[in-house]
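Asks: Construct all of the structure, not just a fragment, from the sequences and the given hints.
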Amino acid sequence: MSTETQRLDELAARLRETPLSADEQAELDALLLRCPEARRRFVDHMLLQNDLNEDAAALLSGPVTVSVRPRSASWLSWRPLTAAAAGIVFGILCTSVVWAYAAHEARLSLLHESFEGVRFGWQSGFPKEMGQWGGDEAKIVSSEAGVNPKDGVRMLKLEPVKTDLFSRTHCIVDLQKQSLALGATTRQIELRASFHPSVLGKKDRYILRAAAFADGPEKLDERWMKEAWAQIDEHSLAYAARGVSVPAGIDAWQTITLMIDVPPGSRILVISMWAATMDGKPANRAAHYLDDVRLSGVINEPLP
Amino acid sequence: MAERRRILGFIQVLVQDRAAAEDVLQDVSAVLWTKFDQFEIGTDFAAWAMCVARLTVLNWRRKQARLPLALGDETLLLLADEAVAALSVPDDERREALQECLSRLPETQRQLLRAHYERGEDVADIAQEAQRTARSIYLRLEKIHAALLDCMTHKRWLNAGANL
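Respectively, the protein sequence lines represent chains G and W.
In case it helps, this note's numbering puts the first sequence at residues 1 to 304.
In case it helps, this note's numbering puts the second sequence at residues 1 to 164.
Please note: incorrect hints may appear among the correct ones.
[Claimed, not checked] In silico DSBU-like pairs for lysine-lysine, Cα to Cα no more than 30 Å straight-line:
no.	chain 1	residue 1	chain 2	residue 2
1	G	K150	G	K219
2	G	K202	G	K219
3	G	K139	G	K226
4	W	K155	W	K143
5	W	K143	G	K202
6	G	K226	G	K128
7	G	K203	W	K155
8	W	K155	G	K281
9	G	K150	G	K139
10	G	K226	W	K155
11	G	K281	G	K177
12	G	K128	G	K202
13	G	K202	G	K226
14	W	K143	G	K226
15	G	K139	G	K203
16	G	K150	G	K226
17	W	K155	G	K150
18	G	K226	G	K203
These aren't lab readings, by the way, just hints derived from the structure by calculation.
Replies: Here it is, written out as structure tokens:
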């Protein structure tokens, strides 16, 4: 960091809390006038201040990175096996719920969709019922244009939308069917999905969104998960979003993960997957493939 | 909401005071409403609104007996150009970058931000509650802001690299 930027940081910090003295104001004015880097930094300071003042609650409850701590005590290394065994029993008792174990964290599978079976029902437009998938134009395909499914032998092809940069697909998950969400405490849920572009020449962008609601699908307004996402905090109990930009020419599946804390009282979780070719001209936008969508409950303390 | 946030951000850069920015935003909204027939549908609404906001801020400055920060007109116009460039990044993208940078902060720093911005506690209140000096809280906030800006600058740099 340059000396000028450092001084700019000091003055911006003072300005946040108290009015600057006349000398300090003159110094800041001169600094901003002569130094483009200082101007950029000052603008960033003001915009950050504005974002935090406007929306600190939502911003600070955003995506959280999950860290996996190595177990220190040797007996603890048996825990995954114990939990896995218990999970098999649990899975037998409840066929929709399966335990899995990855590294040092337990995952309770709430949903796994790789677009294979006849179970998969697609609704054109936003889904209306529990468990339903829907969204913009899409179809199930097998290997195509040199792209093989990430999981199984089929994948969902999201066609480009003429009137919008993004193609979106959504699913309404019934949380009350899932034992994980029936507790009295907030539960952590992980959404994971993989995307692949059909054409490699452009930069792509993928976004995952999830929101928990107290009411059923009948009271859901689809705009909240699309163009009115900025108002989601007024309507949902919890929400989270994560976006990733992928440079042109990357011929690989991109797996994106989103964590959301789902509070007690949540009845449904709506998940949305967005894909876009970053090109202003609709004619240049390509289809994207979506596969291996997983929704899991995160268990930090599996079993004693 | 996103457009409001962008326009308010632009005004905040130029007036450097939250309450004043809210006042100016009201004036800008009134002007946008009366001049809406001049807006070309299909063009960038926020860009048009920022042009209106730039003029509104200049008028507002002339009427103030005392400004929150007495910057020269030339400096102000340079800042306005810089703000337009910064705000040309999609709002979603900026917010997601900020959320990710916030999520990387240690929990104690996130708590400090919550106290200051979410609950509106000032530095003196936080210091009293934490049994620290106001100066130490102030320095911690300065450090957090700098860390967030460095993180976001780094992300912007990575994105720019991806566009090459």
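Asks: Now tell me, hint by hint, if it's right for this structure.
Replies: Outcome of the hint check:
1. Under the criterion of a C-alpha separation no larger than 30 Å, the hint pairing G/K150 with G/K219 is inconsistent with the structure, at around 34 Å.
2. For a cut-off of 30 Å, the pair hint linking G/K202 to G/K219 is broken: about 38 Å separates their Cα positions.
3. Annotation: proposed proximity of G/K139 to G/K226 holds, straight-line Cα distance about 20 Å (limit 30 Å).
4. For the hint linking W/K155 to W/K143, the alpha-carbon distance of about 18 Å falls within 30 Å, and the restraint holds.
5. Distance restraint check for W/K143 and G/K202: the Cα-Cα separation of roughly 38 Å exceeds the 30 Å cut-off, and the hinted pair is therefore not satisfied.
6. A threshold of 30 Å between alpha carbons decides the hint, and for G/K226 with G/K128 the separation of about 15 Å falls inside it, so the pair holds.
7. For the given pair, G/K203 sits about 16 Å from W/K155 by alpha-carbon distance, which is consistent with the 30 Å threshold.
8. Note on W/K155 and G/K281: the hinted pairing holds, with a Cα-Cα distance of about 26 Å set against a maximum of 30 Å.
9. For the hint linking G/K150 to G/K139, the alpha-carbon distance of about 16 Å falls within 30 Å, and the restraint holds.
10. Restraint check for G/K226 and W/K155: the C-alpha separation of about 25 Å stays at or below 30 Å, so the hint holds.
11. For the hint linking G/K281 to G/K177, the alpha-carbon distance of about 43 Å lies beyond 30 Å, and the restraint is violated.
12. Proximity of G/K128 to G/K202 is assessed by CA-CA distance (about 34 Å); at most 30 Å being required, the pair is judged violated.
13. Between G/K202 and G/K226, the direct Cα distance comes to roughly 23 Å. Compliance with the 30 Å bound is thereby established for this hinted pair.
14. Straight-line distance between C-alpha atoms of W/K143 and G/K226 comes to about 36 Å, which puts the hinted pair past the 30 Å bound.
15. At most 30 Å may separate the alpha-carbon atoms for a hinted pair to count; G/K139 and G/K203 meet this at roughly 23 Å.
16. For the hint linking G/K150 to G/K226, the alpha-carbon distance of about 26 Å falls within 30 Å, and the restraint holds.
17. At roughly 28 Å between alpha-carbon atoms, W/K155 and G/K150 fall within 30 Å of each other, so this suggested pair holds.
18. For the hint linking G/K226 to G/K203, the alpha-carbon distance of about 21 Å falls within 30 Å, and the restraint holds.
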